Amino acid sequence: MFDYPILSTLIWLPIFVGLILVASNDIGKSLSTTITLLTTLIILIISIKLFQSYDHSVGNLQFIEKFVWISGLNIFYYLAVDGISVSLVLLTSFINFLIAIYASSEDYNNKSSYLGYFLILEGLLMGTFSAFDSILFYIFFESLLIPLFLIIGIWGGENRKYATIKFFLYTFFGSVLMLISIIYLANLADSFAIEDFYYLTLSFEEEIFLLLAFLIGFGIKVPMWPVHTWLPDAHVEAPTSGSVILASVLLKVGGYGMIRFLLPITTEAGIYLSDYMIYLSLIAIIYISFVAFAQEDMKKLIAYSSVAHMGFVTMGIFLVFNLMGNNPTAAAIGLEGAMVQMISHGLISAALFFCIGIMYKHSHSRLIKDNFGVAQFMPIFSFMMVFFLMANSGLPGTSGFVGEFLVITSSLGSSFLFGFLAALSLILSASYSLKLGKNVLFGDNQKNSQGYLECKSNEKIVLGSLVIFVLYLGISPDVLFNLLDKSVSDIISSISLGRA
Amino acid sequence: MIPISYYLILSTIIFTLSIAGIFLNRKNILVLLMSLELMFLSVNFNLITLGNYLGDLTGQVFVFFVLTVVAAESAIGLALLIVLFRNKKTIDVDDLSELKG
Amino acid sequence: MIELFYIPEVILSIGVLLIIILDLYLQKHKYISFSLIQLLLVIASLYALTEVPQQNYSSYEFSEFTSLIKFLLILGAIIIFQYTYSHLNHLNSLKIEYFTISILGLVGTMVMISAYSLLMLYLGIELLSLALYALIGFNKHSGLSSEAAIKYYVLGAMSSGILLFGISLIYGFTGSINYFDIADQIRNINSNSVQYLGIIFGIIFITASLCFKFGAAPFHIWVPDIYQGSLISTTILLSTLPKIAVFIVFLKLYFIPFMALEYVWSDILIFIGIASIIIGSIFALTQENIKRLLAYSAISNIGFIILAMALVSNDGLHASLYYTIVYSFTALASFGVVTHITSNSHGIEDISDLAGLSKTHPYYAILILITMLSSAGIPPLIGFHAKLMVIQALINNSYILLSIIVVLMTVVSAYYYLRVIKTVYFEERENLISTYTSSNILLSINVILLLGLGIFPFILFDTTNFLVNLLTVISI
Amino acid sequence: MIALTLILLLSPLIGTLLLLFCQNSSKDLTILISNISILIAFLLSLFLLYLFYSANPGPISANFLTFADTSLFSLHFGIYIDSLALIMSSVVTSVSLLVHYYSISYMKDDTSFNRFFIYTNFFTFSMLLIVFANNFLQLFIGWELVGLSSYLLIGFWIKKESAIKANYKAFLVNRVGDIGLLLGLCLILLSYNTTDYNQIFQIKNSINIDSVSIFGFTFNALSAICLLLFIGAMAKSAQVPLQFWLPDSMEGPTPISALIHAATMVTAGIYMVARLSPLYELTDGVLIFILYVGSITAFFLGLVALVQNDIKRIIAYSTISQLGYMTAALGASLYSLAMFHLITHAFFKALLFLCAGSIIIKCHHEQDIRKIGGLRKYMPITYLAFMYASLSLIGFPITSGFYSKESIIDAIGYFGHTIPYLMLLLSIFTTTLYTSKIFFKVFFGESTLPKEEQNENPSNENDRQMLLPLFILTAPSVFLGLFIYDPLMIGILFQNSLAANELIMSFYNGYVINSFKFFLHSFTTINFLILLIGLIFSYLYYYKKAFSINVPHFIRTTLTKEYGFESLSSYLIPKVQNIFTKYLWRKIDISTIDNGLINNTSSFINNLSSKMKKLQTGFIYHYSLIIISALIFLLILMRLTY
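Residue numbers (the working numbering), protein chains in the order written: chain B, 1 to 500; chain C, 501 to 601; chain G, 602 to 1077; chain F, 1078 to 1719.
For the record, the hints were derived by calculation from the structure and aren't laboratory data.
None of the values given here were measured: they were computed from a predicted structure.
It cannot be assumed that every hint is accurate.
[Stated by the list, open to error] No more than 27 Å apart at the CA atoms, straight line, and that leaves these computed lysine-lysine pairs for DSS-like:
hint, chain 1, residue 1, chain 2, residue 2
1, F, K1242, B, K438
2, C, K600, F, K1690
3, F, K1439, F, K1237
4, G, K741, C, K589
5, B, K166, G, K960
6, F, K1237, B, K438
7, C, K600, C, K527
8, C, K527, F, K1690
All chains should be built: construct the whole structure from the sequences, respecting the hints.
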């Protein structure tokens, strides 16, 4: 359909521009911001064209680019995209465009390399979502760490060194185990393409080990419950745009990986262990919401809330295992719910981190007790923040509700207890989000010691566009559903095919 | 004829003596160099006896090469010793522990 | 007989002797003699390329494989001399003898790799060690380097003693010192005779001494001290050329004569490989001195090479050769960057000297970033592909548990590479850092190569594949 | 028909959007936009009502926006037009119009004047969304949006600390109920793959057959769903376990209490059960549960109102007890009577709140009835309006409150539910007591107004916008009963939109015969007797203060504490939650996982490496020792294996 290889441009254009920005660090702030704005805009336009020309009725892999990369080990430079990757590519380009707009009002020392690292990160994310050769996927999955490691480390808060090294090593440990399982699978299927892994017949023990390796690898990225402790530190120390991209897109890489690797390959083991994994995600939903309620730091609170919301994603995915046997439609609903939840959580957590960043710019403190009475001085901003807090607690009419609603429906399919516990998150997420709203936005603040004043025009554009998207996906998420529908049913059928 | 095993045992005894000389020595480096010479002596002895036992000359030819090389080595070793003494005013083994950890 | 004069070893030795004599007259113009040395090296490399393979010399190998490796060694020497020249020039203690001795060491390495008899092997190793003793003690005025020299001398002599003892045992029990005769003897030996025991003891002694030269785990004790004590330019030489040479010796020694007893030494080498990876990673965690840190990272990289070689399989061989070349490239780059940075006018000692480099010299900060990430094995760079191949070789030969240990150790080792990046990028500057830009272009090519090869690894992959196929003499 | 209803539904939304964009424009522009949008809605609903009754086409259901249309499920936003929906929408729009008009003057000196109207318009839109919903999903969306707007309106005065606490509590309690609703909705979507009312109504018998396992026990699917949905209704309509948020929601401005916490939002639960009456009709267990919940709420919450002293809180508790009446009626499957009481209650309770509002404005935001008195001379119009409203609330014969409340009580008695009948009877007594308490305390006795205001002539009581709605509201709250009682009972009013019409018919023929005879007959019933006793008792006790009863301390505290709900909700739960979550976070997240697992391993490896570093002693003899021992170790290793 296209003369130029669309996916490769999506990946290598931002990386190339990012490298230029990083290398030449003496060009002025305004020039580097305009360059970043331009590149992210081009990428957004290309991904929208990708979305339009991706015909979701057929749903299989499209825009395939496959060249031999390392002939000896038959690793291919294999890029392709299906419904799930298109939605995530769109999310990445949109969020990065917003970061570019938001960054124009931020001033950091040597800002050009700051923006350069973001562009490199964007390119690598595009690569992760469109790589279909497992080693290429692993390379993009791993090299995501470097730009973010530097962003958090150089422009982060006070305790940034500890946080960023912990973030790097935590994820590196997970992904390294994943590397072994990829090589092991490739050894059996003697090809690195992901689809070839789907038709392997593995013995039960093999599947258990592979499942555990993949689970640790992607579980750390998603962050699932026991391995999530890197996220609050990374968020608290990261600069605003850093924690925006971390929360809204990087967590989705873990979920995407699970759907791509975990579901189709280790199905038997998945079904066997599905109950434990569902308990894990339930713990993530309920326990983490309690922990989120106890936070004093705004960013930590939102970080824990994203762990809780990602709990829904993992639950949706593991429900597919649980319901595969007796109720495939409920399994498909669960998976679709997980997908929608990923997209909507991406938008909502990005918006919330933008809000906290704006407030931090005035009050220079992230603690809840230092920020009070914002609504008096920033009415439009607090209106939007209340909207996002409501979306975060899953108010219907916003996209936050759609994902959770589907996941709860499918969890009722397996047992009422799961559905009830998942539905509990309705109160819990409302309790901590509105607690944040109550303490920060409302309340009386005579002397305005924090110097709040209404947010600038570019911040209004950023938050405004996020409001529009969250509302649009909340009221009629049909556009998202028919994008994902065919790919989800393909995955479900490939799993049942694998099992039969 | 003395069986070959006696010679081998003799050379290993000398060899172990020289190694013991290296790590039991607490005095100075000269003693170390001497025990090194002893080690090469045991190897030469071993080569000659085995060459004679096998009845071909490569053993002895090998010994000549070893002798020349060992001579060069001990020359360099003594030169380094002098440089060390000029710098550190001591050649005592116990003082040579600045590089550690 | 005449054509013997056209092999690089002879040309280099004669050339060096001439230069030593010439140098007496050119005391003041050191750069003329240095350019002469470079000219000599270039001529030798041309001869290495055009060497014609011959079969009629039993104890010395003239094959395409050795000529290519010789060319590689000379190329490495040229790059190292550039760095050393700029380093010594900066410390204005430039002496031409440094280069002449290292060329002799280079000749030693060439002899080692093309040896077909244990005698030639011993002579090559001794020539190299003699040159290295002198180079390590080159800095006459610093107590540290003389102490390092003495330590290396004593331990080196001891290891060559052990080597000789091993060779004598092998000679005694197989009756010959030529690789192929030994191979025939060992192939038809019955396993409960006394010769069998003697040969095994001989192999162990030789392995011990070669592992000492390689700097592998239980015999690595000298590596950190000597790397820290000697001049930084000697460390570059020490950590690249001898390592390649000893690797090729390992390759030829174990895959031709001792091939039949493969099950004996492959277990030893696996133990040594794993031990050096673990020790290399664990010891380096709390290091303060940058040279010691790079020494331990060298030890863990050597562990990877030995582990890959110990698998005695075609892809294991290929992986180890690939890893050696990548390792020497990375070592060249990382030590090269460290040579180019001096903090308050004397060489970099501790990591904290590098603090805040990204603020003052962002270009060098990027260089350090790339080298550290490549040696840590992070994907976009070449280090990752090397580690990937070794792990894949491990898994193909179903050493799953081993690969898990190796992979966990890379995570542990990633920490101290990150610590260096942390000090360079995240901390504030304390002392005056200055850099000199004499051989800057070469350094940046070297580092950018790491990134470039990372993105297009097939270039290096095909060359090593070609090299391995050249090794026709080895049959696995 | 559908297009008109669509305009009706969307006009408040358009009003909200317009107000949103011209936020900082002048006050009268906001007044114009907000009132016109509600006026259009009101007129349209009246016209549609007329159109519906004249053409009488039967229920129409149409979808106008696809929410999600995939191979697995298809969800839509739609409209369901029938007499029940149209009557309810006209009630909602009329009350909302009057409240809008009223709050022009009530809020005129408030800084964020137009923000108020945005929220009220948005509330009317979301209420209409519930009223016209044709599937469960839209019902749930409207449900939560109504909860959101009540959250925004209760916390309207963002500086007032108590208001923020109240709206936080209100939203969370509503959320507790919404979990039940959500689970019901999900169960329906999961097992029957559709959320459309008509489709569910068609297969309601098959739903009644199959079963669903909840926490291991198997239940009849239909009763499980209906129970879950009713839990949602309990929270929204403030029934017994989840009613403590309503008194606190009085923190919001009074027009809001009138609109939301009296007339429209709290009745959403009742409307839902009425709308789903065909389903509820088949589940007898759930109906009994609803009956008892309703009657308990009616009686016990009425008691609590006696001990309150804040004028708005008393009316709030009376709303809860009146809601108890409606739920009880639903429980006894008297759906049209419940709807009738809902309509009349909407009017006279809104009137009561508006009068309370004008009283509060007059006494400069003083809400404690002990500090207000003798306003009869100074506020004649409010006095008259308040009198009629309270007569209707008590159920004095001829008033509309009488027709709806008495018929519920008699019907429940007629169909033999003895205990609920008794409870409802007794709560007549409590209702008369607390209404007359306010009436006598506020309007009689010596006046507490400051001197200079006393001699003003009574005409400038409050400006016109506040008094006109009072006039308009008194009409329906008194005469509506007479006007629509007979058509309602025969079943013309709600036609077949509600189930169990024959039950009402049998009660009508057996007991009521016709509205006038019912009025005459009422004087002879016990209800009127209790009413009279209550009036006389309160006249003597409150007005004349002839005698004083010292209520035992124990009863007084339990009542003030609202049977422990008050202390539970405002002190106990927040404190426990803080301590518990802090403990959880400290203990599990920080100490076990973070420090225990992660930092410990890294520090273990670190000091492992610093200890092992000591191995490198720097002495040559140690190094040679290590090399030799390694060599010997290898030799031994080989010797053992071969």
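task = State the violated hints by number, sorted upward, taking the hints as numbered earlier in the document.
result = Hint check: nothing fails, all pass.
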